[in-house]
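S.K.: Next come the chains, spelled out residue by residue.
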Amino acid sequence: MLKYTLIPLLPLIAFVINILFGRNYIKDKAHWIAVPAVLGSFVLSVSVFMDVYAGNVINLNLYTWIVSGNFNVPIGFLIDQLTATMLIVVTSISSLIFIYSIGYMHGDKGYHRFFAYLSLFVFSMLILVMANNFLLLYFGWEAVGLCSYFLIGFWFEKKSAADAGKKAFIVNRFGDFGFGLGVILVFLTFGSLEYVEVFANTGSVLGQTMNILGYEVDTITVICLLLFCGAVGKSAQVPLHVWLPDAMEGPTPVSALIHAATMVTAGVFMVARCSPLFNLSPDAMTVVAVVGGITAIFAASIGLVQNDIKRIIAYSTVSQLGYMFLALGMGAYTTAIFHLYTHAYFKALLFLGSGSVIHALHNEMNIQKMGGLKKYMPVTYWTFLIASLSISGIPGLAGFFSKDEILWRAYTGGDLGKFLWVLAIVSAFMTAFYSFRLIYLTFHGKFRGTHEQEHHLHESPPVMTIPLIFLALGAVGAGWVGIPPLLMDHGDKIGEFLAPVLGHPKGEGTHSEELFVMGLSVLIGLAGIFTAFIMYLKKTDLPYKVGSAFQPVYKLLYNKYWVDELYYKTIVKPALIASDKIFLGFFDGRLIEGVVNGIPNLIGSLGQRLRKIQTGVLSHYGIIMALGALVIIGVMIFIK
Amino acid sequence: MPGTYIPINYLPVLIILIAATLIGLAPLLIGIILRPRRPYPAKLSPYESGIPPVGEPRERFSVKFYIIAMLFVVFDVEAVFLYPWAVAYDKIGLYSFIEMMIFIYILLVGYIYAWGKGAIEWE
Amino acid sequence: MILSDFNLLSIRVLVPEIILICSALIILLLNLVVKRKETLAFTGLVGTLVSAYSSFKLYALSLSGSEFMGMFAFDGYSIFFKFIFYINIVLTIFISIRYISIEMASFGEYYALLLFATSGMMIMASATDLMVIYLGLELMALSTYILTGILRKQVRSGEAAIKYFLLGAFSSAFLLYGISLTYGLTGTTNLKEIAVAMETLNLLGSPVFLLGLIFFIVAFGFKIALVPFHMWAPDAYEGAPTSITAFMSVGPKAAGFAVLGRVFFEAFGSMHVQWSSILIPLSVLTMLVGSVTAIAQTNIKRMLAYSSIAHAGYALLGIITGTSEGLSSMMNYMLIYAFMNIGAFAVVIMLRSEGFMGEELSDYEGLAKTRPVASSLMLIFMFSLTGIPPTAGFIAKFYIFMSAINAGYTYLVIIAVIFSAVSAFFYLRVVMYMYMKEPKAEVVLSTSTAMNIALTVTVVSTLVIGVFPSALIELARMSLSGF
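Residue numbers (the numbering used here), protein chains in the order written: chain A, 1 to 640; chain B, 1 to 123; chain C, 1 to 483.
Everything labelled a hint here was simulated from the structure, so no lab data went into it. Cβ coordinates follow ideal geometry from the N, Cα and C atoms, glycine included. Careful, some of the hints might be misleading.
With a Cα cut of at most 25 Å, we get these calculated BS3-like pairs of lysine-lysine [said to hold, decoys possible]:
#1 A:K493 with A:K369
#2 A:K27 with C:K153
#3 A:K109 with C:K192
A few chain A residues facing chain C, derived, Cβ under 8 Å [unchecked claim]:
#4 V16
#5 R23
#6 S68
#7 L181
#8 I184
#9 L185
#10 T202
#11 V205
#12 I534
#13 M535
#14 Q608
#15 Y621
#16 G622
#17 I624
#18 G628
#19 M636
Cβ-to-Cβ under 10 Å is the rule here; a few derived chain C residues that face chain A [unchecked claim]:
#20 V34
#21 A60
#22 S62
#23 F107
#24 L176
#25 F222
#26 V373
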């Protein structure tokens, strides 16, 4: 029991120590607290994984937080195959990124604060994946969000960083509101918040309906859709994807850990965790799959033309998350988790690699001003290349196995699946293209930056490159636990491992079909790479020609489909105008400064009025007291 | 029958209250009715030992008077308290003796405190 | 008079109070000879701890019923409240030591009066007779009046004291009226006998009796600062030394609630319909005025004063329910409130340094950048006062609301939750000032070992109760077993 408790507790202790004593005592030694803590969690997680692998699934109630009549909130951990897998992903990637941060954040004046927040994040994420009930899940869910906002706005002196933090906060409110309602509805429907009890009673709720605005709707579908709202926000799916690219304002290790490998996959984890509910609602599943498929191609297409190195990878993350939801929607939960797991390695690697590049170039992020970095930064280059090959689905690397499985599940998923499969294939082409566009522009060709920058080019210190190498090993080998049966009998170890929790994906196909899907995806990936090779290494004037030939399309993509502008025009601006014109008329805005200025202002003006009762004159006070007593006497004795 | 309870035992108290008020008011009323009323300036002027009044009658007293007055009240109450206790002493015994000693002890502390703070000194 | 009822053994239930009063007297005498005022603080602390130990020992005897002809109870209910008072005074002494020397009010009487006030509260918590309640209440009130005005050099302190004193006298008059009416009708001032007399004399519908009840509500409502009897609170809280504001926003309030609970449950239990129908609008009004007016405040002490008014409104729900579940929730509320409120005031006190008041909201701008630890503590206390999990404030509100729902007052809970949300606005504004604004100037913190102890105790309690509440909940429930 201590072992399970210690896993989240170690990072929490590191957080407390660093936040309390960091400023005055620990300062630039903060990693001596944080890194051992997270490494400890990792070691314990491995040991827990071994236990689970040996068949030890544990549902452990530590204690009951609140007891009140029939309302019980136990605090406990559910350690099953799904949690064990997530534990490994979270703690291993965190450990590597913590070590990387020692080099990357070196000399920053918020060094201890950085490690404190990062530790708090790991704690929250571990609580999220280890929870055995919805309330604790919700706690972890909000806590990781909170850490994410802190860390996006870590360099709060920069206005863009503070704004990005605010944006992430507000956009996530929309999703989390739905998620919160979903949790409440779960409690109202099942009378419990514990996974075990909820999932055991799904049968009795099946077919139950509830009345919403006069329509009878299936309760489970409503629950699933509400929960999925939260996932859309947290995992940056269309239409709430807008916060993630902006979140790249945070330090790069944060982007790698929170906005690529772990936190944004919380939505995927949550849907997988609630698979017993989602399984009962085909409608909700369809929504999940469609949102995932659309996000995949939508984000990938934006990624084609961006120039900011981190934003390209961010759109790539959104797109890959779309793949995961596509798999979830097809009922292939194990596949989604498999992709989550491989993606964590190669995407963290991409981010850390980009961080290494940015570090070398002194915060230059525009890839048009890079080039030829290969010879200066060999380790970064080779690891980056491995990650890119992996995400492009080149056989033998991690990304190939998981992505191929998703494509296969989509292909066998009926008419809708076939349609989504087409989307996914197109996205796969785009993925390979933008990944290698990034590689060629950054590492090949001639350096296009200033001489000043060129003079200072250098490979990052070992404390940064060693984590890159470890992650590269993951990006190569992580997929070998999920080799499709077609290529190797009993190769799909992870699928079998997760099956007790998530079940087997349905959908059957012939061997030849499977070979066709696999072959096609490989070909598509290679085609993407080849196209990028032609455009950015051979005929370097081609991108410009293509761009001007398809001017409208280029503009549409470059401006990210104008989604931000659309939201600004339809939601942000009307809200601002409303608060400006209507509420400021009532009341001086200086006194109350909130994110939302509507009702608070109204209450504030009431407060100003009520305040006037407090005249400070003693006799008034006495009179009010006496009047109060008289009114009570009058009402109670004479009127009733 | 809720609300019909009348505390009849307290009727004498009410009668005494009324009687006391009447007895207080009666001489004043009788005086007003019976006395002759012939005002002239010398009679209406404030009485101050035959000398014309100097300054305002409401003078500010030194705060020391209040402190002395308060101390006086405390020890006056002590005397009031001691009197019935002494009268009933043979009936209430050791217990009340201890209680009275505690009371006097508290007052003693107060006395020492006031003395130490200089509340009794005039200058 | 049956004098044989008095026996020496019954004095033992008074031992904690006697120890406290003796310590206070010793402090008064020491004050004449000792130069270092910290010695007096230490004496007060030792006296309190010895008293607390004796309370604990007495509790272990598991006495029940009342001594002194049913005038003084020593039950779980009173002991629970007494421990709130102990916590209150110990924390107050810790946060005072440095502060009152900065305020140049380092009088020995300060600690003596704290002890007197606390013994008054303890007598109130144990009193089962209206006269004893009155005695305890006056002992507490007179001491706090003086403490409020102890900053003799500051006009606002004196003004606060005189307002508090005059209005307090006014409310005492109400209490005495209530007592005399009740005595006139029932012939007794003993709470249990009043309940019996009500049955035998059939007083349930008597308007005079109801009048007495209303007078009690006015008098106790004054002590716990219920609207419209709260008028003294903002001025007194702002004018008093901050440590005393902390002290009296917890102690007298909890004592008032203790008496309210005992009088209404024990003596007027059968009139629940009447008194709850008076208290419900009062509690709504209190929540409204408290949380809405707080928004308009720019002085943090005043804001916390209104917050304290609003909290009385929430805690009153526990009384309104008329169930033991409600009563135990109210007890929890008071205990948790003691920790989080004194904690918040402790941070306010830390900002006070020589030549800097640190009371304006704008003084908190950017505090997170210059004083991260102090601001993270303030953050926790503000979260707790708002009622955000996993802090103790959430537990307090949750159980109070749950008990009200179980007693069928769902609409009242909805109102309370709305005002809770409103209150989030002014609590979180402090957080916003600290974390999202640029610092104007480096703020000097007046820390000391004693202050650090107080802050550690409050913050740890706030968090631990928030995460592991069940022990406390169980304790409060058990305390009511003999009630």
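S.K.: If a hint holds in the structure, say so; if it doesn't, say that too.
M.R.: Outcome of the hint check:
{"no.": "1", "hint": "A:K493 with A:K369", "result": "violated (44 Å)"}
{"no.": "2", "hint": "A:K27 with C:K153", "result": "violated (44 Å)"}
{"no.": "3", "hint": "A:K109 with C:K192", "result": "violated (67 Å)"}
{"no.": "4", "hint": "V16", "result": "violated (10 Å)"}
{"no.": "5", "hint": "R23", "result": "holds (6 Å)"}
{"no.": "6", "hint": "S68", "result": "holds (5 Å)"}
{"no.": "7", "hint": "L181", "result": "violated (16 Å)"}
{"no.": "8", "hint": "I184", "result": "violated (13 Å)"}
{"no.": "9", "hint": "L185", "result": "violated (18 Å)"}
{"no.": "10", "hint": "T202", "result": "violated (27 Å)"}
{"no.": "11", "hint": "V205", "result": "violated (24 Å)"}
{"no.": "12", "hint": "I534", "result": "violated (50 Å)"}
{"no.": "13", "hint": "M535", "result": "violated (45 Å)"}
{"no.": "14", "hint": "Q608", "result": "holds (5 Å)"}
{"no.": "15", "hint": "Y621", "result": "holds (4 Å)"}
{"no.": "16", "hint": "G622", "result": "holds (6 Å)"}
{"no.": "17", "hint": "I624", "result": "holds (5 Å)"}
{"no.": "18", "hint": "G628", "result": "holds (4 Å)"}
{"no.": "19", "hint": "M636", "result": "holds (6 Å)"}
{"no.": "20", "hint": "V34", "result": "violated (35 Å)"}
{"no.": "21", "hint": "A60", "result": "violated (27 Å)"}
{"no.": "22", "hint": "S62", "result": "violated (25 Å)"}
{"no.": "23", "hint": "F107", "result": "violated (26 Å)"}
{"no.": "24", "hint": "L176", "result": "violated (14 Å)"}
{"no.": "25", "hint": "F222", "result": "holds (7 Å)"}
{"no.": "26", "hint": "V373", "result": "holds (6 Å)"}
The structure fails to meet hints 1, 2, 3, 4, 7, 8, 9, 10, 11, 12, 13, 20, 21, 22, 23, 24 from the earlier list, while all remaining hints are met.
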